[in-house]
Amino acid sequence: MDFYLGLLQIIGVHTLLGLSAYVVLLTGQVSLAQAGFMAIGAYVTAMLTVLAKWWIVPALLAGGAVAGVVACAVGFPALRVRGLMLVVATLAFGEAVRLFFFNFDYQIAMGGIKVGPLGGEGFRQIRYFPENGYTTLHVMVFIWLVVIIVMTALWWMDRSRAGAVLRAVGEDEVAAQSAGLNLTAVKVMAMTVGGFIAGLAGGLYAHYTTHIEQGNFNVLVATFAIAYPILGGLSNVFGTLAAVVFIQAFLVEGLRFLGDWRNLLFGLLIVVAMNVRPGGLIDAHGWTASRAQIRKGEGLGWFDLAIGGITSAVRRLIQRWRGAFGA
Amino acid sequence: MLDLLQSTADGLLFGAIYSLIGIGFTLVFGVMHKINMAYAAASLAGAYAGLTLAKLAGLPPWTVILTACAAGAVFGVIIYGVCFKLIPLSHPLATLMSTVGMFLLIDEIVVHATDGMPVNYPTFVRGMVGYGDFVLRGDLMFVFFVALLVMAGLIYVLFHTRLGLATRAVSQHPIAARLCGMSLDHVNAVTFTLSGALGGIAGALIGSAVGMLSPLLVVPLTVKGLIVTVIGGLGSIPGAIVAGLLVGAAENMFQFFRGVTERDIYVMLLLFLFLVFRPGGIFGADPARN
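Note that the protein sequences, when read in sequence, are chains V and L. Residue numbers for the first sequence follow the working numbering, so the first one is 1 and each next one is one higher. Residue numbers for the second sequence follow the working numbering, so the first one is 1001 and each next one is one higher.
Looking at chain L on its own, in the form it has when it is part of the complex (with noise of 0.2 angstroms):
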């Protein structure tokens, strides 16, 4: 019993990262109604060359949070450009398949960069609290609050900024958005950028949770990154929120009742379970409306 308890709980604190992947999934299908493949490839991306940023400017290891961040946000920026700016949005298909040979091009160059081989990652805090035999992990828990402060940080931009306001209208309504004088691009471009940034600060909470980076997280993490939104509800941020931090502690229970190389398989069908049930996801609006 302690032991499901103790599983489920370092599920939970993880689950924070497949939440931030997840927000950064959905933010963009909000104001586009697209899907950026890519997405995890670059937030991971972001992470290595955050990484390699802090140690070519012989920064202290706890700045790399700061730099994954800002080159998350450079990779949204390219993204945007080359696979949603320059396709004409009359050609849905290519603006998908483009972004999967993005996720192909991100890869190879992280596989190419690195010879394949794992990364080590700096850990920023050690030890753990405990009551008991029951203890939480400190680096699971800082992962855990800086997600959440990042979150904090998203909600606010969103719900309490001129810039947040445009991003939900041009979600809630593109053309009404644009009659009101706000420009698509402008919104769209900073809606990647957001996205990007906050990939980037995932990527670097992974490696620190992990302790190291390696090219074969990045389809594990779209996957989970996927369901999430789609459990979230797609568009919905708190849905995305609390269904990565369900995804999270219900990957651990499975893998702690059928072991690790089942546990995905459950995932899985968490997620057909969610779209038999309830195909609008936990928050998610109308699903008939995408």
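With the rest of the complex left out, here is chain V (with noise of 0.2 angstroms):
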């Protein structure tokens, strides 16, 4: 049963790394800092609970904003860039926090031992959780009750103006400049809620895990962040929490029998599944291509214009037995 409310766990915290990068993904940016934002959140949020003995909801707020912070300031030098270039600021971004965090010690004795981040080996002691009588149970609700409401929150921002105006910037910045917005502060805004998303995710994943190092948030992890919301599509905020639970319940968790062929399988599925879907797994037009887009076959991938190809086949044939038979 610990085991299941585990990978709850993993998903929970997971789903909120992938929508820190949706709300990103929105305004067409693509961040590779958010494993960076993440390891803030959590370094933030531990030494708020171990060392300073704070309660663990401010202390999540405190490393979700601190994260913000960070990603608001980055935002303005990296978002002068456009797009491709905007990758690769984060991508280094991302990869300076974790080095940040290998050359970072600070820890205080408490009670005979020696507590706080130490450099390469991390961060140990996180006890909050068992310290104060939580349960697997109780973690697992915990955590889905921030993911509850974050999902919620950027459900009702997607259906709000905010959320017209982050998918006007995505689709078409031209467009968008001239109906009156300003990019910057959109792209901005954007990122700022981002890192707060992927803050909170970083908190929580320090506690339920209880040590955490710089390894813990690598490229890899970054890579994870953004392929949730491309590979669940960008349409509503569920495709992102499908392809967590695709990806760590099946792929991670369900496919562990095949042992190290896991792994060769997960970038193999990436690379098949962005063939077959290219607009993600929920795409905007559903499942399934309509006959008018296979007609113009714009933006749709091989796959989709496969089966078009044989539905259409498939009809005329038909037609033809009908008109064979006189029916």
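No lab work stands behind these hints, which were simulated from the structure alone. Yeah, the Cβ is synthetic: ideal placement off N, Cα and C, and Gly gets one too. Watch out, some of these pointers could steer you wrong.
Claimed, not checked - Restraint-style ranges between C-beta atoms, simulated for each label pair:
| no. | chain 1 | residue 1 | chain 2 | residue 2 | range |
| --- | --- | --- | --- | --- | --- |
| 1 | V | Tyr106 | L | Asp1003 | 23 to 33 angstroms |
| 2 | V | Trp144 | L | Leu1148 | 49 to 59 angstroms |
| 3 | V | Met110 | L | Pro1061 | 40 to 50 angstroms |
| 4 | V | Arg127 | L | Pro1220 | 33 to 43 angstroms |
Each of the two chains sits in its own frame; use the hints to bring them together as a complex.
So this is what it looks like as structure tokens:
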């Protein structure tokens, strides 16, 4: 039972991570710094609960806020350049954060042992949950409360004017600018919100694993963060959740019997998924392409086109049959 | 002072490899306006495959460079086909993500094939030239000169052949190039082949300079290659060359002053300095145009 609760915890934290990238992706920007923001949130929250003995909720909010402020600060220089330069800048920033924590020592003696982050060894003894009598179930419920709050907020934002603004910038920057939107403000805002959510994810992650180190926040995690919303599709927040469940529950846990080969399959499946459904699992046009889209052939992958070709061939065949039998 | 000069010179020589990787990223960016995230992984895989091929065929060690070059070219074409040709251009995120998937796949295949252990790589030149206490390592000099030769060859291809003319035309204005009768598919495929071949050579040179190849090199090489591309200016080949040497030298200087664990933080800061003060890169065009 604990195994499934643990799996739910992982899914919860990764959903938050994916949602943090989702907000940024809505504006058409790809940020590979989400793992870095997550690291900042994790270290700040853990230091507040362990060293300063804060209650977890304000500590989480503070961790998220610090990550958000850093994201805002990174956003300004990085968003002066567009698109692909941002990928590089955020990738470099994420690695810089990881290396910063690799060199970061801040230990104080508490009850005879030294606690706090210690460079490459990481930050041990993040015992807030066990010390306060949380069981695995409690932790899982706590994580999912945060996930539900964030998902609801994003769902609501998506339906409001703010969501329309973000999507307008993502669809066509020039058009959005001509409509009077301040591109930099919108993008930096999205970065900040994304940083905040990633910080929350980091804070929760630090507390359920009880031990964090810089290696937990590497490029692979940053890749996961953008992989969830891209694989899931950007039409709504549930795409991200679906992709997290698909990857964490099916690929990582469900295929565990494959041993090492599972890792091979992971990269391959991303490549295949992008070939088959370039717009994400839950695309704006639903599960299948419409006939009009297939006729135009625009923006469809070879898979959709092949399916479209087969269905139209079958339809023609049926019509011919009907003609032959005079029905 | 001499130590500083020494480490800077070593870094400058090794930086030629960063230049090669940066050129590979920048070439693809130039013609397609897309980043091929799998490039550095494919380059190292090319070096691995080249070594295996040379061993299987019983060729002398120095031919590794040629076999790695060929293997890199093959990987380049495969990546083009799977990640760029088959995915519609109207989904830029899908191409980016599929190259990331390719990166993970190639990396994992290499880890599997080598059991995650470093593989020894032949070093071609031993010994060193020196003036007093200042020495230049022979293997690094070899790497540097081979890289320069390859760059010279590439510049010849790009600026003195019809193929290069087509590549440059597509990178300047794809629609106009098509109107003039050039096939985008063909030019793109050739560019990927060229950059792949370049990557294979870069991978072999890294192997010979470090003395071994390890999957651990993939992520740092990807990050450094992308940094070089941005500092040099996206799409600019002279920029990538200069930026590669600059990053190589700066990296060793930072290492000299601040130690190996903090070295890369300062390289990232260098990148951010460029982003703030010169977002177009050293030789870049108007930054608003990508």
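Next on the checklist: Under the constraints set out in the numbered hints, which ones does this structure not fulfil?
Outcome noted: 3
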